[in-house]
Every structure is written in C-alpha cells, then in structure tokens.
Amino acid sequence: MSCRSYASYYHYYLRPVAMLSELGPDSRSHDGCVFFSHRKIELYEMGWNLKEGLRNCQIAAAPYGGPIALLKEPQRSSPSARPQLEIYTSSGSPMASFMWKSGVVKQLGWTISDDLLCVQEDGTVLVYDLFGSFKRHFSMGNELVQSHVLEAKIFHSPYGTGIAVLSGAYRFILATNIEDIKLRRLPEVPGLQGVPSCWTVLSQDRQTKVLLATGADLYILDNTACTPVSPSGFSPQATNIIQVAGSFSYKYLALFTDSGHVWMGSANLKEKLCEVDTKMRTPPTQMAWCWRPKSQQPSVVIMWEKYLLVVGPCKDTIQYNLDNESVLVPELDSVRIISGTHHELLQEVPVVSEEIFKIASMAPGALLLEAHKEYEKESQKADEYLREIKEQDGLGEAVKQCVEAAGYEHEPETQKMLLRAASFGKCFLSNFRPEQFVSTCRDLRVLNAVRDYTVGIPLTLQQYKQMTVQVLIDRLVYRKLYPLAIEICRYLKIPEYQGVSRVLKHWACCKVQQKEEADEVIARMVSLKLGETAGISYSDIAARAYECGRTELAIKLLEFEPRSGEQVPLLLKMKRSQLALSKAIESGDTDLVYTVVTYLKNEMNRGDFFMTLRNQPIALSLYRQFCKHQEQDTLKDLYNQDDDHQELGNFYVRASYQEGRLDTRMSCLQNAMDEYNKAKNEFNAKATEEEMRLLRFQRRLEEEKGERMVGCSLQDTLHCLLIVGLHKQAEQLYKDFRVPDKRYWWLKLNALAEKEDWEEMEKFSKTKKSPIGYLPFVDVCIKHHNKYEARKYVSKVTPEQKVKAHIAVGDLEGAAEVAIERRNEGEISLVLSHCTATTDRTIVDRLNRTRATAGKK
Amino acid sequence: MAHSSRKDAPDLPDFSLLKRIARDQLIYLLEQLPGKKDLFIEADLMSPLDRIANVTTLKEHEVDKLYKVDHKPIYSTSDQLCFLIRPRIQTVKWIADIVNADKAAGKLRSYKIIFSPQKFYACEAVLEEQGIYGDVSTDEWAFHLLPLDDDIISLELPEFFRDNFLGGDQRWVTTAGSALHLLHSVYGPFSKAYGIGRCAKMVYESWREQGKEGEKKTPQSEIGTVFLVDRDVDFVTPLCSQVVYEGLVDDIFRIKCGSVEFTPDVTSSEKSVKVMLNSQDKVFGEIRNEHFSNVFGLLSQKARNLQTAYDRRRGMDIKQMKTFVSEELKGLKQEHHLLSLHIGASESMMKRKTKQDFQELLKTEHSLLEGFEIRECISYIEEHINRQVSMIESLRLLCLLSLTENGLLPKDYRSLKAQYLQSYGTEHLLTFANLRQLGLLVEQQAGETLTVMESKVGKLVNDKTVGKLTDAFSSLAKKSNFRALSKRLALVPKTMEEYDLRTPRDMAYIFSGAYIPLSCKLIEQVLEREGWTGLEEVTRLLNGNEFVGSAGGGSETGRTTDSQRIILVMFLGGCSYSEISALRFLGKEKGYKFIVVTTAIINAARLLEAMLDNYG
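So the protein sequences, as listed, match chains D and Z. Per UniProt numbering, the very first residue in the first sequence carries number 1; after that it's consecutive. Per UniProt numbering, the very first residue in the second sequence carries number 1; after that it's consecutive.
Errors might be hidden in some of the hints.
Here are the simulated DSBU-like pairs of lysine-lysine, each with C-alpha atoms no more than 30 Å apart in a straight line [as the list claims (entries may be wrong)]:
(1) D:K796 to Z:K363
(2) Z:K19 to D:K755
(3) D:K792 to Z:K103
(4) D:K787 to Z:K353
(5) Z:K351 to D:K742
(6) D:K787 to Z:K351
(7) Z:K363 to D:K804
(8) D:K742 to D:K783
Listed next, with one range per pair, are the computed distances between beta-carbon atoms [to be verified]:
(9) D:E631 to Z:E62: 38 to 48 Å
(10) Z:L108 to D:N142: 20 to 30 Å
(11) D:D642 to Z:E62: 19 to 29 Å
(12) D:N142 to Z:E62: 30 to 40 Å
(13) Z:S259 to D:E631: 19 to 29 Å
(14) D:R490 to Z:A484: 39 to 49 Å
(15) D:Q204 to Z:T57: 26 to 36 Å
(16) Z:S137 to D:G191: 47 to 57 Å
(17) D:Q466 to Z:G285: 44 to 54 Å
(18) Z:L108 to D:P228: 53 to 63 Å
(19) D:V127 to Z:K36: 32 to 42 Å
No lab work stands behind these hints, which were simulated from the structure alone. Glycine included, each C-beta is placed from N, C-alpha and C at the ideal position.
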C-alpha cells in the first residue's frame with residue numbers, strides 16, 4: 001500500500017506503549033491501551049502583536065474557544081503608569097482595549113456566559129462584557145478590604161460560574177454562583193500559617209469544596225469541616241505537593257510532588273490510576289488534564305517554561321519543546337496551548353483517526369479512503385480496495401469510520417477528503433442510514449464557519465455538542481455577529497422562536513443603543529427588519545431603548561407590539577399611566593389591570609383617580625372588589641361620586657348587618673332608606689323602613705319582656721312570640737306588617753303544634769275559615785304524632801283533599817268511602833296503594849268493584 | 001345502561017398525567033424550602049391536594065406538621081412555615097398578621113407562600129402594605145386541573161362563578177386560559193374550537209395568547225375539539241332538581257372533590273363512610289347516569305349477580321377454591337361493600353324523594369319548564385316561602401320562574417320578594433340585588449328605560465368604552481328568552497307521549513323526560529352543524545358572543561381519526577352532574593367521547609349560596 005502523504009498533516013506521535021508486562025503492579029492496565037498517542041494541531045497564528053509575548057501579563061482564556069483577556073503590566077514602573085486590559089478573540093483579533101484604572105487585579109477569568117471577571121486585591125469583583133464595557137461589580141466580603149485577597153480562582157460547575165479566594169488571614173471564601181451571590185466562609189485549616197503550596201476547587205456530590213496542600217499534607221475543606229486526606233497508594237518518597245489539577249468534570253485529580261512524581265487518580269482520592277516519575281525537579285508552571293470523555297486514556301499535561309510533558313497511566317511520557325512562554329487552557333476533550341504567536345490544540349488522537357491514518361492500517365476506513373483516492377485517479381486499484389473491504393464485510397463500518405473521523409478534523413480539506421470517501425463508499429451500500437453523514441456534514445459546516453479566523457471560536461465537534469447550538473448562537477450574538485448567527489439558524493432550520501427571532505431581537509436591542517441615529521430611522525429600520533417575525537417582543541426592545549434614555553423611541557417601538565399586555569409595565573415605567581390602563585384592559589389580564597390601578601391610586605389625586613376609573617368600567621369593578629375587602633370607606637366614596645344611590649343603599653344595608661350596636665345599625669338603615677329613596681327604589685326603601693320598625697319593636701319587646709329577638713326576621717320573631725305565648729304581640733305584628741293570612745296561619749299552626757298546645761289550636765281553627773284549608777292541621781298533628789287531634793280536623797277538610805286526610809290519619813276505610821263516593825279513579829288508586837292485600841281485604845274488594853263499575857260507564 | 005351504544009367510541013386520554021405534573025411541581029416547590037417545615041393548607045385546597053399527594057409524600061419532603069388555614073393564631077414551633085393557599089386577600093392578611101406577630105415577639109422564622117393556581121398582584125400588594133414583602137418568599141403552584149374521573153376534570157375554583165359573573169372580576173380568565181393551554185400542550189393540538197359567552201371568548205383569547213409562545217411541537221393529538229361555554233348561557237339547567245343518580249347524590253349528600261361522605265343512616269352502622277365516586281367503582285359506574293326510578297331495579301339485579309358469583313363456590317374442588325379466594329373473592333367482597341352502600345344511599349333518597357311534596361315540587365318545575373299553569377306555580381312558590389320549607393329551595397323556584405317567564409310581573413315580583421324578606425330577613429335585599437344583577441331573578445320592565453340610560457351614559461364616555469359598557473348593561477338586564485329558545489331547540493318534549501325512562505331516547509331523560517338541558521343541546525347542535533350556521537336566531541336569543549376558531553392544531557386534515565371524536569367541553573362557572581350525564585348519553589348516541597372540564601361542580605344549592613351576600 002502506498003505511503004500516505006496526508007499523514008504529514010498531523011503532528012503525530014505514534015509509538016507502541018510499553019508492553020503490559022512492563023507495567024508496574026500498581027498501575028491499572030486498560031483494555032485496548034495499545035497506543036498512547038496525542039496530536040497537536042495548530043489552530044491559529046495569533047493576530048495580536050505582543051512585543052513581549054506573554055511575559056509580564058496576566059492572561060485568562062475562556063473555555064469552549066472563548067475570548068482571551070490580557071492584563072499587561074505597565075512598561076515603566078512609575079506610579080502613574082497603569083496596566084492595560086485587552087480582550088481578544090481566540091485568533092487574537094482585538095475586541096477591546098482600555099487603561100485599567102481600578103485597583104490591583106489578582107485574578108482574571110471568564111464566566112460561562114462570556115463575561116470577564118476581574119478579582120481585585122480588596123475583594124471587589126468587576127464584571128465586564130466581552131467588548132470591555134463595565135457591567136457591574138460585587139464584593140467577596142468586607143473582611144478582604146483589610147486582609148486582602150492573596151489568591152483567587154474562578155471555576156465552573158453545574159451551578160454556574162464561581163469564585164474562590166484565599167484571604168490574607170488564610171481563610172477561603174467561596175461564591176458558587178456569581179449570578180446569585182451567597183458568600184461562604186469555609187472552616188479554618190488548623191495550623192495553616194502561610195499560603196498553601198497549591199489548592200484547587202472541586203465540585204462533588206452537589207457540593208463545592210476546596211482541596212489544598214501544605215507540604216505533604218492534603219486537606220479537603222467543605223461547608224462544615226476541614227478533613228485531612230491522603231491519596232490512595234501515594235508513594236512515600238513524595239514530600240511536598242506543589243501542583244494540583246482537577247479534570248474538566250472534576251472527576252479526576254492530579255498531584256505533582258517536588259520529587260517529580262505525578263499521582264493521578266479519582267477526585268475523591270480513593271482510586272489511583274497511576275503514578276509516574278517525570279524526573280523533573282523544578283516546579284511546573286501549569287498542569288492540566290487532557291482527556292476525552294469516554295476515552296480510556298486519561299492523561300495530564302504538565303508545562304514548564306520551555307517544555308511540555310504529557311503523562312498518562314502507561315507511564316511513558318511525550319515531550320514537546322516550547323518556543324515561547326505559553327498558557328494551557330483545559331477543555332472538555334483537549335488542552336489548548338496559547339503562546340505569544342500561536343494557538344494550538346493538544347488532544348488524544350481519536351481511535352478512528354488512528355485506525356484510518358496509521359501507517360499500513362488495514363482498517364476498513366483506511367481501505368475505503370485509499371479506494372476513493374485511487375478512484376479519483378481513475379485507477380482500477382479502487383476496485384481492488386473495495387473488494388477487500390467487502391470481503392471483510394466492512395463497508396458499512398468503513399463509511400462510519402470515515403464520517404466519524406471527519407468530525408474530528410480541523411482542516412476542511414481533510415474533512416472533505418474523508419467525507420468524499422464516505423460518500424463514495426455509501427454508493428455501494430443499499431439501506432445505509434444517512435443521518436450520521438448528513439448531521440456530520442451540517443455540524444462541520446457550522447464549526448468551520450465559527451472556527452474561521454475572523455470569528456475565532458475554535459470548537460471541537462465534541463465541545464459543540466456539549467455546549468449545544470443554542471449556546472453557540474448566544475455566543476455569536478454576544479459578539480454581535482448577527483448575520484452569521486442568522487445564517488446558522490436558517491441553515492440548521494432552528495425554530496424561529498429559538499433562532500432567528502432571538503437573534504433579531506438582540507440585534508434590535510443593540511440597534512436602539514446607537515445614539516447617532518434618529519428615533520424615526522431606528523424605529524423604521526427595526527420594524528422593517530423584524531416585521532411580523534414570530535416570537536419577537538417589541539416591548540423588550542422598547543424597554544432597552546428606554547433604558548438608554550430614549551423614551552420617544554420606546555413609545556414608537558411599543559406601537560409595534562401586538563400583545564397589549566406586554567406594553568403595560570414599560571408604559572408605567574415611562575409614566576404613561578392612562579395609556580397603560582387602557583392597554584391593560586385591552587389585554588384582558590385582570591391582574592395586570594389591577595397592577596395599573598394600584599399604581600394610579602398612588603400616583604394621582606383621589607378625584608382624578610376616580611374619574612379615570614369611571615371611564616374604565618372593568619378597572620372600576622375590579623377596584624370595587626378590592627375595596628370590599630380592604631377599604632370599605634373608599635367603596636362608599638366611589639358610589640358617592642357616581643351618584644349610585646342604589647349601590648349606596650346596598651352598602652348601608654350590608655354595613656348594618658356587620659354592625660353589632662343597635663343604634664348604629666338603625667342609623668345605617670336610615671341612611672340606606674334615604675339612598676333607596678333617592679334611587680327611587682320604593683320597594684327597598686319600604687323594606688328598610690319596615691326593618692327599622694321591626695328592630696324597634698324587637699327592642700321594646702326585649703326591654704319589656706326580656707325576650708331576645710333583635711335581628712330575627714319577621715317570621716322568626718312571630719314564631720318566637722307564639723312559642724312563648726305572647727299571642728297579643730304576635731297579633732299586633734301580624735297586623736302592623738300586613739303579614740299575609742296564609743303565612744300567619746301556617747306560622748301559628750306550626751308554633752302551636754310545636755308547643756303541643758292542642759287546645760289553643762282547636763280554638764284557633766275555629767276563629768275563622770282557614771285560608772290554608774284544614775289538611776295542614778291534619779298533617780301537622782300527624783307530624784307531631786297525635787292521631788287523636790288529627791282526626792278532629794278530617795271532617796273540615798275540603799272534599800278534594802279528604803282522601804288524603806283520611807289516609808294521613810290511617811283511616812283507610814274512611815278514605816275508601818270518600819273515594820268511592822267521589823268515584824275518582826286517581827283517588828281510588830291512591831287508597832289502593834296504601835292497602836295491604838291481607839289485612840284490608842274487604843276495602844280492596846270494594847274499591848276494585850267500584851273501579852270496575854266506573855270503568856264500564 | 002340498557003340502551004344501545006355505539007361500539008366504536010374512542011378511548012379517553014390518560015389524565016393521570018396531569019396529577020403527576022402537579023405532584024412533581026409541588027415537590028419541587030417544597031424542596032425550595034429545605035429542611036423541616038410546617039405546612040398550612042387552605043381549607044378548600046385540602047381535598048384536591050389529597051388527590052395529588054398524600055401525607056406520606058409530603059412527609060418525605062420534610063413537611064413536619066400539617067395545619068388547616070383557619071384564620072386564627074397559630075401554634076407552630078417550627079422555624080420554617082409554608083403556606084399553600086388560594087390567592088385570596090383575607091388569607092394573605094392572616095399570614096401577614098402571623099409574620100408581624102412573630103416579628104413583635106422577636107421570633108425568627110422563614111416563611112414561604114405557595115399560591116395555587118397562581119398569584120395575584122393584589123396579594124403581593126397586601127404583603128407590601130403590611131411591610132413583610134421582603135420577609136416572605138412567594139411561589140406559584142400551577143395546579144390548574146384536577147382529574148376527578150376518567151372524563152371529568154375540575155379546576156376546583158368555585159369562586160370563579162361569583163367573581164366572574166357577579167363581581168365582573170375577570171382575573172380567573174387567565175387561569176382558565178392557562179388550564180386550557182396545559183391541556184392543549186399535553187393532549188393537543190386541538191383542531192377546532194367552538195364557544196359561546198363573553199367569558200368563553202376571553203378564555204379562548206387568553207389561551208391563544210399563551211399558545212403563541214413556546215414550542216410548536218406536534219405530538220399525537222388526543223383531543224379533537226374544544227367547546228367553551230359560559231354558565232350564564234344556561235342557568236335553567238343547574239337550577240332544576242336533579243333526578244339522575246349521581247346528581248341526586250350530589251344534591252342530597254354533597255359530593256366534594258369526587259368523594260362523598262355517607263352518613264350512618266346510609267351505612268347502617270355507627271360510622272360515616274367516605275366513598276370515592278368514580279368509574280373505579282363498578283357498581284356506581286353502572287348506575288350513576290341512570291334515572292332514579294331505574295336505580296333500584298339495577299341494584300337488585302346486581303345483587304342477584306353477586307349472589308350467583310358467590311354461589312359458584314359450591315361444588316368447587318380445592319384447587320378451584322384456591323384460585324377463587326385468591327383472585328375473585330376480594331373483588332366480590334369489595335363489590336358487595338359498595339353495593340350495600342349504594343343500596344343504603346338509594347333507600348335514604350327514596351325516603352326523601354318519593355314523598356308527596358317532592359312529587360309536587362317536580363310537578364311545579366315541569367310546569368314552569370313547559371310554561372303551563374303559571375298561576376298555580378306562583379301560588380305553590382308562595383306557599384313554599386310562607387311555610388319556610390327551605391331558604392335556598394324557595395330562591396331556586398323563584399329563579400326558575402323568572403328565567404322561564406323572562407322575568408316576573410312587577411306585582412308578583414314585589415309580593416314574592418316581600419314575603420321572602422319576611423321569611424328570611426331584610427338582609428336578603430342584597431341577595432335579590434345580586435340575583436338581579438346576574439339576571440337570575442328580575443322584574444319585567446318597559447324596554448325603553450334601559451336604552452335611555454344606555455345612551456345617556458354613552459355620551460359621557462369615549463367610543464371604545466361604550467361597547468364595554470353596553471356589554472355590562474346588557475348583562476344587567478339580560479333576558480333569558482327561555483321560552484323562545486325552548487321552542488326553537490325543542491327543549492321540552494311533547495307531554496302527550498309516555499317517556500320510558502329505562503330506555504331513554506334523548507337527553508331529556510335526565511329530567512324525567514321533561515326537559516333537554518339547553519347547554520348540552522347547544523353542544524349537540526354545534527357539533528352536528530360543525531359551527532353556528534343555522535343557529536343565528538338561537539345565538540341572538542342568547543346575547544351572541546358565539547365563536548368558532550381554528551385551535552392551532554391547524555394542518556391536521558384527518559377528520560376521521562379517533563381523536564376527532566373526543567370533545568372537550570369547558571364550563572366556565574361550573575356544571576352539574578346532570579349535565580355530565582346528559583353529555584355521556586349524547587356521546588354514546590353519536591359515538592363521541594366527552595371530557596368535561598369545569599371550574600367547579602355545581603348544583604342549584606351551590607349556585608345560589610354563592611349569591612348570598614355573606615359569601616365572600
């Protein structure tokens with residue numbers, strides 16, 4: 001097989017690893033640990049022009065190919081000289097640069113959303129965006145003003161970006177999430193008298209901890225305690241631990257000792273992966289994990305001034321020489337190396353890439369690549385290669401390998417080469433699922449676009465997948481790369497809400513801040529570009545305009561907002577309260593209306609406020625509801641203003657029932673009556689008047705007879721009177737209040753029955769002809785289990801009800817008699833239904849006979 | 001049921017998912033306050049909460065003690081208090097008092113208020129006024145929907161009715177909109193939306209508004225059509241006496257949150273028994289939709305079947321007996337227990353309902369519905385009031401009279417009202433004012449007065465509000481137009497024919513064949529016509545506000561799929577069990593499946609109690 005010229009694209013370090021037998025007894029062997037290989041890819045030649053390289057400056061580069069911040073110390077050491085803060089993209093294009101005028105910066109770092117954090121000596125943290133505009137500041141604790149920050153570290157965890165500082169009093173202070181600052185002062189480390197030789201922050205078991213080393217001792221500091229720990233299988237010859245590095249996901253930990261040994265193991269220190277002697281006694285400048293998730297070969301990159309070492313469990317090391325001073329930026333799946341002139345990526349060679357590009361590889365992918373190359377040369381060898389793959393039945397695998405390998409490549413040419421090979425191979429397969437190929441092509445296009453020198457976001461495919469396309473678009477938006485962001489959204493067919501609309505909104509928010517353009521021009525431009533795009537919130541944009549002091553522009557923009565509810569909060573903020581109220585009502589969201597009403601109430605004088613409400617019935621009714629619970633008097637005022645006498649009357653009636661004292665109650669009712677009169681509601685006026693009369697009557701009764709009935713209804717009062725036997729008073733009430741006869745008869749009848757005053761009842765029945773008939777007399781007696789009394793009234797019952805009356809007193813014979821006499825079919829059936837065949841034999845027979853004869857007629 | 005039903009009726013979606021969503025959210029909220037805490041629960045949230053998460057679940061999330069909100073001082077020693085309440089000003093005030101009392105006593109605690117289903121600005125304003133806004137953290141538990149049964153989902157918001165229709169307070173509209181949005185996003189997309197009523201329209205708009213945001217994924221649609229209806233479109237139906245088993249149980253024993261407490265006279269033991277009434281209960285499932293006269297027959301049939309099942313034990317060998325005991329016996333016993341309960345309940349109802357006066361009451365109701373012998377009805381009502389039979393019942397009859405007759409003659413109105421006040425006290429002036437405002441009980445008056453007033457007011461305000469104001473006024477003087485509607489929609493079947501309640505032929509069976517519920521008839525008509533075409537006159541009589549909307553499912557054209565025959569009916573302001581029974585019947589006839597979503601289950605008593613002035 002021919003030699004592959006393209007192998008030279010790679011800085012390959014392919015060497016067989018020591019045989020397994022050579023591994024020490026304590027080192028863990030890994031299946032498949034056959035090759036130990038890393039590659040270094042040049043990402044960019046840096047566009048910046050740093051005269052002194054990275055010397056004399058602090059540098060911080062954000063993970064996921066984020067921006068780089070440099071704080072250059074002044075060249076002259078005069079007291080007036082100030083450091084210079086510069087921000088660059090990963091390719092070294094300048095984004096911002098300004099003179100640092102604040103305090104002494106101890107640490108620079110980036111948040112997960114690409115904001116720059118500058119931790120000052122006095123504990124203040126200044127936040128800048130990636131264009132160097134100041135956003136906000138906060139403090140890591142007042143004690144730091146005195147004791148100062150000795151060291152600080154910025155870290156990322158599932159909770160966001162955090163900061164850990166070491167104070168002059170050798171105490172650690174932690175904030176896990178700078179968006180929601182909660183400072184935690186970690187417990188004291190016993191006997192700590194100086195700066196620890198090294199420390200790092202770990203995020204484990206949903207807790208953030210600090211691991212620190214003083215000399216040979218290791219401690220873990222968590223919220224509650226400081227626990228001494230010792231790594232499992234740590235060589236005794238190690239004396240001082242001078243470097244520590246946690247992996248990107250905090251799963252692993254590496255310790256470097258002054259004897260030149262590196263201990264690698266799990267972050268809880270309980271499992272050891274390996275321990276390697278680097279034979280280097282000088283303390284390294286930086287150490288970082290370089291490890292691809294799911295890969296079997298964890299390794300650590302250690303950097304000295306001119307020298308880089310990759311150390312792994314296979315004990316062998318790889319060395320690189322460095323031309324310039326550099327920094328390591330740990331990433332999810334690799335380490336980036338930034339120097340004054342170059343930006344490189346160091347990563348473990350992916351297994352597929354290795355299989356394809358390895359010299360003399362017979363892997364299906366390698367053969368397919370070869371086949372395609374021959375095919376392009378129009379050589380028949382192509383066929384031979386293809387046959388060979390097919391003989392191994394590996395064509396599908398070959399295609400997959402090529403596609404996967406393409407994903408790992410940074411050079412578009414190599415990507416294309418591999419993808420073309422894959423595509424070529426696909427032609428000979430039926431039923432090959434195209435998804436992987438298509439998505440890889442798509443992802444690579446996006447990646448190539450953002451990796452471009454002008455954009456400068458050197459993401460790997462794995463990082464891109466981890467960060468998701470939404471986040472990538474956010475990052476582009478932060479960088480104001482709107483057209484590219486929109487291109488990507490459209491290309492990936494991201495739903496408008498999450499894609500184009502969001503980008504456009506950010507664009508518009510940025511646009512309204514351009515002070516040099518006139519309000520009309522901006523408003524027109526914004527509406528032209530945004531139009532009816534789904535999911536655009538004009539109110540957000542207007543809010544931004546208002547924040548920049550452009551009220552007029554904000555109002556213009558609000559007019560484009562189709563959802564009136566969204567306009568309200570901003571209108572209120574801009575003191576357009578009347579407009580806000582009508583918009584709130586239009587929105588149909590009562591809660592919103594209420595918000596505006598409360599606002600207006602505090603803002604306006606009472607008269608104007610009521611007037612405004614009067615024009616908005618919905619707001620008014622809402623406010624009334626509120627007043628009913630909270631401010632009764634306001635409610636009255638409201639009705640008063642509207643001359644709503646009816647409601648005022650109701651108001652007073654309500655008030656009278658909530659009132660305990662009789663006098664006040666009466667005056668309330670008096671008021672109610674007056675209002676009802678004004679409202680020309682005679683009925684209600686009369687009713688309240690009667691109520692007053694009744695109350696007066698009840699009071700008198702209470703005074704004279706000691707019967708408590710104040711507040712009872714007329715009915716209850718009458719009932720009470722009859723029960724206690726005050727018949728005269730009852731009679732008087734009955735006349736005064738023109739109680740209908742029927743009601744009075746019912747009432748008296750029931751009361752007498754309740755008292756079981758049968759004598760009085762009989763007397764009563766004879767006073768005059770009963771307006772309710774006499775059946776109720778029968779019923780009521782039966783109800784009180786007095787058949788004897790009941791019988792007395794049966795004869796008086798009208799013929800129509802007589803059958804019922806007889807049945808009620810249990811006189812079936814009598815009932816039958818009447819029914820037969822009246823020859824009423826219904827009544828006969830009724831009686832029959834009460835008869836039992838055995839005991840009432842004769843009655844049944846007679847009834848049936850009558851029915852039969854009646855039927856004949 | 002004895003009558004035939006179409007066999008191709010589609011399956012209902014699984015609504016237990018809603019419970020799970022609510023539970024997960026509640027747990028999340030409880031975890032936001034880590035550590036042991038005491039939980040205070042609003043009284044009317046207790047039963048719904050019980051359906052979502054039991055005490056064990058709450059304890060698992062470090063709830064120490066549970067209290068009912070009773071607006072009295074509290075005796076809790078916990079240093080973390082959590083309040084699970086409805087967004088009501090009084091309750092928030094009560095909490096403010098607790099916090100302020102603690103402050104005065106120098107007690108340090110953390111407080112968290114969880115508003116369900118949402119918080120209102122007014123509540124936060126109270127916190128602010130009382131100076132404790134910063135001391136209390138607030139959250140929302142978006143627990144909108146409680147599935148009471150396979151086909152009933154309740155918002156459990158009885159105050160919706162009074163607040164919205166009487167108070168003119170539309171804040172619950174968004175809540176209903178959110179509920180619909182939730183259903184739409186879980187079981188949708190719906191392909192069609194119909195509705196009638198002002199509130200229905202607003203809820204529809206609120207839902208569409210909420211639907212605009214968020215993702216547009218299209219899962220398999222499980223519900224085809226939604227129908228929104230305002231309670232004030234049909235007041236007659238809920239005011240009629242219920243005679244179908246489930247409705248009767250509700251009228252007599254009051255079903256609360258899908259469960260009922262049977263008193264000792266039903267259980268024939270010393271204890272009351274709480275029973276869940278839903279389709280899990282096989283016995284109940286068979287009789288719930290039956291006319292009461294039918295229930296005893298079915299129950300005794302059931303008892304005979306049960307006996308036969310028991311009897312099979314005889315002549316079994318050991319092995320068969322073993323399987324019988326392990327598999328069937330428990331089910332049979334359970335059934336036995338339920339059967340005896342329902343028989344007890346029917347007996348107890350029988351006692352009350354076969355009495356002479358109940359028959360007369362029904363007769364009066366039927367006369368009112370038919371518009372027959374109105375004078376006799378009025379004197380019956382008068383006697384009812386005079387004899388003080390029942391405060392609520394009298395009011396119910398008065399309202400039915402007014403609704404069916406398009407208001408009372410001034411003379412009758414005044415005399416009946418005066419009698420009522422004499423019976424139950426002058427404070428009912430306010431009740432009458434409320435009933436008048438809602439159009440439930442009105443005095444007939446000359447048509448002009450209103451228009452004069454309207455135009456007078458109209459001049460005072462700008463154009464935009466005129467519409468709103470007219471709306472408000474029209475609701476004020478809303479005419480029920482029942483008679484005309486009844487004629488047009490043939491709601492009252494001809495009296496000539498005998499109605500066989502065992503094999504009902506239409507929805508009228510739920511009222512002994514005397515009346516087809518207007519609300520359900522409207523739904524039937526609109527579904528049949530796929531819109532309001534041809535119903536113009538009806539909607540005019542109902543004060544309009546009908547609408548048809550594509551519900552955002554949009555592109556789906558497969559009209560024949562099963563989900564198209566699943567129809568979600570949302571009652572704004574509540575619905576009665578009789579209406580649900582009627583819809584179940586309609587579904588069986590036409591091969592639909594109805595899902596009823598209601599702001600609360602109501603009956604005549606609940607509806608009218610909400611009109612009393614001391615209500616809230």
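(message) If I claimed the Cβ atoms of V127 (chain D) and K36 (chain Z) lie 32 to 42 Å apart, would that claim hold in this structure?
(response) holds (37 Å)
(request) Indicate whether the distance between the beta carbons of E631 (chain D) and E62 (chain Z) respects the range 38 to 48 Å. (result) holds (40 Å)
(request) Hint says 26 to 36 Å; check whether the CB-CB distance for Q204 (chain D) and T57 (chain Z) agrees. (result) holds (29 Å)
(request) Using the beta carbons of S259 (chain Z) and E631 (chain D), state whether their distance is inside 19 to 29 Å or not. (result) Violated: the Cβ-Cβ distance is about 40 Å, outside 19 to 29 Å.
(request) Take the C-beta atom of D642 (chain D) and the C-beta atom of E62 (chain Z), compute their distance, and say whether it sits inside 19 to 29 Å. (result) violated (53 Å)
(message) Tell me if the beta carbons of S137 (chain Z) and G191 (chain D) are separated by a distance inside 47 to 57 Å.
(response) Distance hint for S137 (chain Z), G191 (chain D) is violated at roughly 41 Å.
(request) Below or equal to 30 Å on CA atoms is what counts here, so check K787 (chain D) against K353 (chain Z). (result) It holds: about 24 Å lies between the C-alpha atoms, which stays within 30 Å.
(message) Tell me if the straight-line CA distance from K363 (chain Z) to K804 (chain D) falls inside 30 Å.
(response) holds (18 Å)
(request) Can you let me know if the beta-carbon spacing of L108 (chain Z) and P228 (chain D) is within 53 to 63 Å? (result) With Cβ atoms ~36 Å apart, the hint is violated.
(message) Looking only at beta-carbon atoms, does the pair Q466 (chain D), G285 (chain Z) fall within the given range of 44 to 54 Å?
(response) With Cβ atoms ~53 Å apart, the hint holds.
(message) Is 30 to 40 Å respected by the C-beta to C-beta distance linking N142 (chain D) and E62 (chain Z)?
(response) Since the Cβ atoms of N142 (chain D) and E62 (chain Z) sit about 34 Å apart, the hinted range of 30 to 40 Å holds.
(message) Verify the CB-CB distance for L108 (chain Z) and N142 (chain D) against the hinted window 20 to 30 Å.
(response) holds (23 Å)
Going down the numbered hints, you'll see the structure goes against 2, 3, 11, 13, 14, 16, 18, while the others check out.
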